[in-house]
Every structure is written in structure tokens, then in C-alpha cells.
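The hints should help you fit chains A and R onto chain W, whose structure is shown.
Protein chains in written order, with my numbering: chain W, 110 to 452; chain A, 822 to 1313; chain R, 10 to 259.
Careful, some of the hints might be misleading.
[To be verified] In silico BS3-like pairs for lysine-lysine, Cα to Cα no more than 25 Å straight-line: (1) R:K27 <-> R:K49; (2) A:K1302 <-> W:K127; (3) A:K1096 <-> A:K1302; (4) R:K134 <-> R:K148; (5) R:K117 <-> R:K148; (6) A:K997 <-> A:K1060; (7) R:K49 <-> R:K148; (8) A:K1178 <-> W:K127; (9) A:K897 <-> W:K127.
Source of the hints: derived by calculation from the structure; they are not laboratory data.
From a predicted model like this one, the values you see are computed outputs, not experimental measurements.
Here are the chains, one letter per residue:
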Amino acid sequence: MSLATAFKSGDLTLLPSKRDEDWRWTDLRGLIREVPPPSPAFNGETPPGVFDHLAEDFHVLANGGSAQIVADEGELTAVLRFLSANDGTAHAAKVSIEVAAGASLTLLETYEGYGAGYFAQADLTIRLGEGAKLERIVLAGDDAEAISVSQAEVTLAAGSSYAQTVLTDGAKRQRIETRIAHPGAGASVRLDGGYLLRDRRHADLTTAIAHEGVDGTTSQLTKGVVDDQARGVFQGRITVAHGADRTDARMGHHALILSDRAEVDAKPELLIFADDVQCAHGNTVGALDENQLFYAQQRGLPADAARALLTAAFVGEVIDRIEHETARETARAWLNQWLGVGE
Amino acid sequence: MANPRIATQTVEHVERLEAYEHGFVSDIEQEFAPKGLSADTIRFISAKKEEPQWLLDWRLEAFERWQELEEPAWAKVHFPRIDYQDAYYYAAPKTKEGPKSLDEVDPEILAVYAKLGIPLGEQAVLAGVQGAPKYAVDAVFDSVSVVTTFKKELAAVGVIFCSFSEAVREHPELVKKYLGSVVPTSDNYYACLNSAVFSDGSFVYVPPGVRCPMELSTYFRINAAESGQFERTLIIADKAAYVSYLEGCTAPMRDENQLHAAVVELVLLEDAEIKYSTVQNWYPGDPQTGKGGIYNFVTKRADCRGDRSKVSWTQVETGSAITWKYPSCLLRGEGSVGEFYSIAITNGRQQADTGTKMIHLGANTRSRIISKGISAGKSSNTYRGLVSAHPKATGSRNFTQCDSLLIGKDCAAHTVPYIEARNGHSIFEHEATTTRLSEDQLFYAQQRGLSEEEAVQLLVNGFVREVLQELPMEFAVEAQKLVAISLEGSVG
Amino acid sequence: MLSIQNLHASVGDKPIIKGLTLDVPAGEVHAIMGPNGAGKSTLSYVLTGRDGYEVTDGSATLNGEDLLALEPAERAAKGVFLSFQYPLEIPGVPALTFIRAAVNAQRKARGEEEIAAPAFLKTAKAEAARLKIDFDMLKRPLNVGFSGGEKKRMEILQMAMLSPKFLILDETDSGLDIDALKIVSEGVNAMRAPDRGMLVITHYQRLLDYIKPDRVHVLAAGRIVASGGPELALQLEAEGYDKYVTKDAA
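With the rest of the complex left out, here is chain W:
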């Protein structure tokens, strides 16, 4: 919506800016002076992806394009790769995902930057039928100079179950947004994220969940680590509509700041219009605990190793919640690689 519309119309004032409440920490307007040229069609060879070997259904969207993923019965594992292959060009991708009643889908999604300073937009529409199940795992590896926006609109039906884990190491400006229409009715949502940012990278994990009916649950956990001059943003909104009783919604966001020039901005919101609810959020931002660091060092771990161990444990909590075993280990490897620790 945001990037693509503005580029198509040539009107950069359509881009969200920090004056828009929802984009206060992810200003796009101040960043772009002129409309970038559209990305050319990709005709190179697709490099191997981390999830390729798991794919039963395989989609590569290089420099934009569209795709449709349908799980109509049984269990399906789909791999969805968004590739940005050129320098300084813009493209948009559109994907619709349908999980039929009673069906189950594992969606392994990656964002891969092979070009530099590109402008990428991805729009996903996700629909779950009654009792359907979807686990979505996103690994975002954009270029350091890229501007990348991914927005997913998720609609759930009664008794369905939606689980998501987004892991990213950021970009120049990156927003990964998930909006969920939650009907209650026994449906459950797990919505997790992890951002690991260095240098001058930025990542914005924004979520909005609207509980519209009774008996819905949401469990949300996001962890972040920022170093150097990086900036992590978490915006989480849980809305419980009038009459959406017996909603149980919990949100946690916890971040570590490893440098005095790094920044974390958070806005965990609860908007509650029903009274029979259990809602809570917790938010902590701080450094690694000095006492824990000393304790580990006293037992013989050198300072760097102690820091890596505690950081890995900190983010590991998000990874542990991934249900798909292979994907969980891929995610853990990705974390360890970022931390520079082997296992």
C-alpha cells in the first residue's frame, strides 16, 4: 500500500512519515527524494535458499510478482522466497494464502537481498478456514541499504490456529507488519518476533490484533537486540471489541541495548472494550544484567562468551516457541551466526 502506491502515482507525499502515529518511528517520507525506477524482470539463476529442501510447494518472487498458495486439505509445507536482485530499483509483490477448513500449512518465508539499496514491498493476504492451522516462519535478510516493507493481513475463522515467528536483522528501513482479524471462537494466535540489529540498521515489527468475538487467545513474545547505532521498533496493539468476552491476550516485548548509540522504541498497546478479559503486557528495555555476566565469568566463561551465552538465551526463548523442528533449528543457526557463536 504505502511504497507501491506512492511510487506508482509518483507522489512521494503518500509515503508514511513520522507524523503518522502508526509510523512515528519508521519515517519513509524523509528518506526518499525521488521515485526510484521499477526493478527489471529477473532472469538470473535463483540462489539456493535455507528452506528449499523442505518445500512441497515452492514459490520464488524475484523483483516482485505475485503468487497464490492454497492448502486445501491435509498438511502442506510451502516455501515462499522474496528476492530483491537489483540496485536502487523498486518492486512490489503480492501473495494470497488460503488454508482451507481443517487443513494445515507450514509457511517458510524468506526475504533475501542480493541487490543494494532497493525498495521492496510485499503484501500478503492470509485466510484461515474453520479449524485450519498455519505456522508462518519468516527470516528476513535484507540489504543494509534497502528499504523494505512487508504487510500481512490475516483473517481467521473459528477454531483456527495461527502461529508466526518473524526473525530479522533489519535494513536501512524495514517494516514487517501483521494485522490479524481474530474472531475469538476458540481461535488462537501466537505472534512472535526477534530483531537482531547492528551498524545503522533499523527494523520495525508492528502487529495489530483485533479480537472481535468471545473466547479468543493471543500470546505474543518479541525479543530484540540492538548494537552500534541500530534502531529497533516494536509496536503491538491488541484490541478487544465490545462483547469479546473471555479473551485472553498477553504481549511481551523485551530488548537489549548493547551500545550507547543504539535505540529501542516500543509502544505496546491494549485497547479494551469488554470487561470479562485477561489482558497483560510486559515490556523491558535494558542492558545485559551485570550480575549474571559476572556470575558466568566467575565460573570461567570469558566476557565475550558470557555475553553471547546470555544473549543467545535471551533471544532463544522466541526460537524455542517455533513448532516446526527443522525450521526451529534453522532459526537457531541463524541466531548463532549473527552472534558469531558456533554450536
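Only chains A and R this time, still in chain W's reference frame:
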């Protein structure tokens, strides 16, 4: 703590269950500025108050800026557009000259304060409960401060406590130095309006090393119809000074909404401490129709300029149709401390959007936020808060606990915290919960013989206890009653 | 073994240790007793190299090697083990993972081979059984949600697994009931060896009924003000610390 005044009030409260207790209108001769807002209105106010030229200029400049500003729209409150030309900006009890002593004050006004249970006469206070603490009171009736008590005793230790107008006359150097230094004129729409048209308010200066020997308090009363109240409070705690200050607010029941746009500025130098407590009980409007009530758009800010200074805001917000209020702390001094303790109760058709800002600028600064929101009826209650730490504010800490309680199906409770952390040596913790009153606990209390309403009051008092404890003892008792009364009719 | 000469140390700008001299030969257990605020915990942090504890004068060596110049982990690898008064909770890191990481880090620092997983698990199982620790507990994040007694037992388990040369026990009896105290003391006593020294820091004599010291020192206002045999502990228990506190103030 036994206090016959409170005991009598409680009995009265119980007798008049659902009514807004302070809803009477007093028939007092008033003098008004011409209706509407223009540079001339401002000149009229300034002339009435015989202000120096610099202050008139300051007001006019604020008015110019105000005309360029836009009314904020981000708060979760909804109300019809205010016609700023359809209000009186100055209303004062008619007297030939300002009262020199209590004896010269219009007996009708004194009767109003007596009715509110506010101890104006020093004699009356002294004759109160034995051993009860003394409270120096500044009473503001519509736009004008009518009487300040205990001035002599305070002057003996160098504490200045007077109406704002008097401070402009008697201590212009202090007013000039600090006015607008915490909340600049163009800070926000309502503060800017206040800067242009403020009428009166309280002024406190506590000299270095002095611990103010008694609680200071101001009672604000809006009486006149179609009038706004724009008071301005300025408190300066010099090095190592301490003062505890309390404000209380009431207004009559009227069908029209009345605007209250106050500005409070606190200045703290090294090692100073200010405890600022508010019990706000403006008329909330008709609980069924939502008609009338006060629009309470207030800017309160403390500037901890000195190292190790400490400010503590405590508020019990039960009144007003709309509350828009974020008492804030600029933690500039190294090791300075900011605290915000809040109880906000909305019932009927009330809307509250309130919270705080803790701006950590200095190293090793600490802040603590405890907010308890209770929504009942068809009301809406929002906590909105900002905690930010700048790169230089290393070693800073914040703890925020934000709890909302819902009573009934048709109310709303929102929590909107903003956290902006910009250094790697600070720790911010925020916890929030939203729940309804536990049916199990209610039943348990009822099984032991409490009525449903009593059980609700008991549980709610437990819910807000942590904040009540921060109030000066005697006001805590009063506030507890107020909490109970605000929730009447919310169950059943 | 451990030799401390004229040690001065400050926390922030505040001097806490003010000229402390102490020798603990190999094979001996020394107790340090003293009133609150005497500098007991400070001494343990200074010896283990905690940030913010600044040595302003004097020396501390282990078998002739300067400890004070080393990083905390290097001291640990040299064999200095501190049993914390308040062991830290380490969320997300299972106790076994933590201990194995520590064992291997120390081995690596000493140029030894890493311990293989099966051998490590076997030892851990045996030690856990000896300390009456349910082995499943070792799969949980270290100390998270553990009781005071469980945490102290976990310290002793780590001690056994790391097999240090010199032990510092900081108020190990605090928060322990009598049964836990017995188990913990047995664990400590099992560590006694001719080539190993121990420094037992405690406020109360009670612990010394279970861990019998060879020497007892009184620490007050940053210095050793009295030394003696085990009978000194009993005397302190009977008379209190008043005489040492006032002596210093005079």
C-alpha cells in the same frame, strides 16, 4: 485518623447517594470580562489585575501563537468542537478591592468553602482535631484567589505562598525568572491558551534548605456559568528545599460544558523535593445523558534542574467530563527522581486520557509510574505515558506498573505506553494488566455479609491502595471516600 | 596457597578493605567472620575480580601467581571458585548447558581437551545424586525459580564439577534450613583435600559446626583484627562483635 469533618461528610455522602456532591451553584455577584477571546479580552484581564507591561506583552505573544496552533486530536477523547468565542475568560467575585483579611471576604464565598469542607479560617483549623496537622490554604474562586491562610507563619521561615496575582506584584523578579520556563507558552494548544488568558492561581517559593512546615493547598472552585477557568501555578523549591502541595477541585452542575485549562510549573534546584497531590472532582456531567461537565485540559510539568532533586506527582482523578492531563518530569539533574502515582476513575459518560512523561536527560536518573485506572458505566479511561532516555542519561531506571480495572460491559480501558530508550546502560520495565473485578472475590466478600456495592468499594480500594498511600494522610482518607462515591451506581 | 598482603580496595570512592593481610595454606580451611558492613562480601568480589571493586594497594596471589591482574574468567580457570551468597538466575540457559560451557571454557583456558558429552553427563548425574538434586532440575534454566536451598546446592554441584583449587564460600549458610545446611556442608567437606584451600565467609558461627575451620579470623572495618583457632568462633558467638566494632571506632 478521626476527623469529625470527614465523618460528617461521609454521612452526607451516604445520604445523597447518586448525586454529584459539589453540584450546588452559589449566588454571588460576579464581574465578567466581555464574552469571547481577543487581544482586547487579554488587555482587559491584564488591566483588571493591574499587571506590568512585560506580563501583558507575554500574554499577547502567547495569544498570537495560540491562533496558529491546532487543537490536539491524538487523545482518545471525543467532544464537539469548542467555540472559544462563546465563553467568558474572566469572572471574579464583585468586591470593591481585594480582601485584606478573611473578614472582608464575601460571606457567601466563605459559605461555599464551608460547604465544601475546606478549612479557610485559621481559627477553625486550629480548633479542629487536636494534633491534626495544619494546612495553609489558597482558595481560588472562578478566576480569582480569594484568600490565602497562614501567610505569616510561612513568612517566618521564608516561604512565600500567595495568589499568582500577588506574586506578580510582590515578587516580580521570581515570577519573571521562572514563568514559562518549564512549560513554554507555545508548548501545546491549551497551555498556550492559558498563557494568554490565565487569571490567577497559586505561587510558592521555598528558600534554600527550608522544609516547608505545613502542607500547602489550593482549592479551585468554578462557579460562574459559561466561564472558563485558567489558573496558573508556579512552585519553586530552591536548593535542598522541601514542600508538599495539594490541590482540590470542584464545580457546580451545569448543562453546558465548561473549560478548565490550567498550567502548573514546578522548578526544583539541587536536592530539592516537591510532593504535588491532586484530588480532582470537577463536575463529571450527567451520568445518563453525558450533558455538562468540565473539560479538564491541563498541562503539568516539573523540571528537576538540580542534581538529586525529586518530584512526586500523585493524582486522584474522579471528576470532569473529559480529562486530558499528563503531569510530567524533566529529569535533568544527575540522580534526580520522578514519580507518578495515579488513580483515574471514570463512570457514566466520562472520558479520561491521562498519564505522564518521564524524560530522562541526566545520568543515573530514576522514575517510577504507578497508574490505576478504573472504568465503569459507559466511560472510557486511557493511560498514555512516555518514558524516554537520552544517550547521556546512562544508568537510568524506570519502573512502570499500569493496571486497569473494568466494571461493567460498556466501558473501555486503554493502555498506550511509549518507550524510547537511547542508551545501553539504562533499564526500563513496564507491566500492564487489564482485568475485571473478580467475581470470586466479590462473592467471597458478599458471603461474609457485605452488600454488592460495599464489596465493590472494598475491592476497588484494595486495587488503588498503593497510590492512596502516597497521599498526605488526611487527604488519603478523603480520597478513599471519593473513590467509593465515584463508583456509586456502577454495579447492580 | 592464597596470600593476601596489605590489601586496600574501594567501591566507588569509598575505601572498604583497608590493609588486609591473610595467608591460607594448601589443605586448610579458614573462616572469616565479622559484623555486617565489615567488608566480607567485598573481599570475595575483590578476589574474584568483579567490576567496580577497585584495588588501590597491596597484592593477592594464588600459589605465587598474581590474581589481581587477571580477568574474572582467567581467575576462575586458575581455580578460584566463589560460591555466591545470592546465586544468580540465568533464564533460558539450562543448568547443564551452563555448567558444561563453564567446564569447557576453563579446560580450554588451561589448554586441556574439552570434556565429551557422555563423560560430562555421567559425572553430573553422579554429583547430582550425591547432593540429592533431582537430575531433571539440571535441564531447567539455572536457578530460575529455585528455592534458596536448591540454589546453594546448585553452587556446590558446580564446585564439584569444576573442581577448583581454592574455594570462597560467601555466607553459604544464609537462607538454608538445617537439612539443606547439612547436605551443603557435606558437599563442601567432600572437597577438602591436601592441595585445596578454602575461605569460609560467615556472619554466624552455626556454619562452622558443620565445616570445621583450621583458623578463624575476625574482619572489622576492612582489616583482620583478631585471629585464632576454632574456639574464637565460639567466643564470638557468645560475646558478639561489639568489642571489635567499638575498638575500631575509637
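We went through each hint and held it up to the structure:
no., hint, in the structure
1, R:K27 <-> R:K49, "holds, 12 Å"
2, A:K1302 <-> W:K127, "violated, 44 Å"
3, A:K1096 <-> A:K1302, "holds, 22 Å"
4, R:K134 <-> R:K148, "holds, 12 Å"
5, R:K117 <-> R:K148, "holds, 24 Å"
6, A:K997 <-> A:K1060, "holds, 19 Å"
7, R:K49 <-> R:K148, "violated, 33 Å"
8, A:K1178 <-> W:K127, "holds, 19 Å"
9, A:K897 <-> W:K127, "holds, 19 Å"
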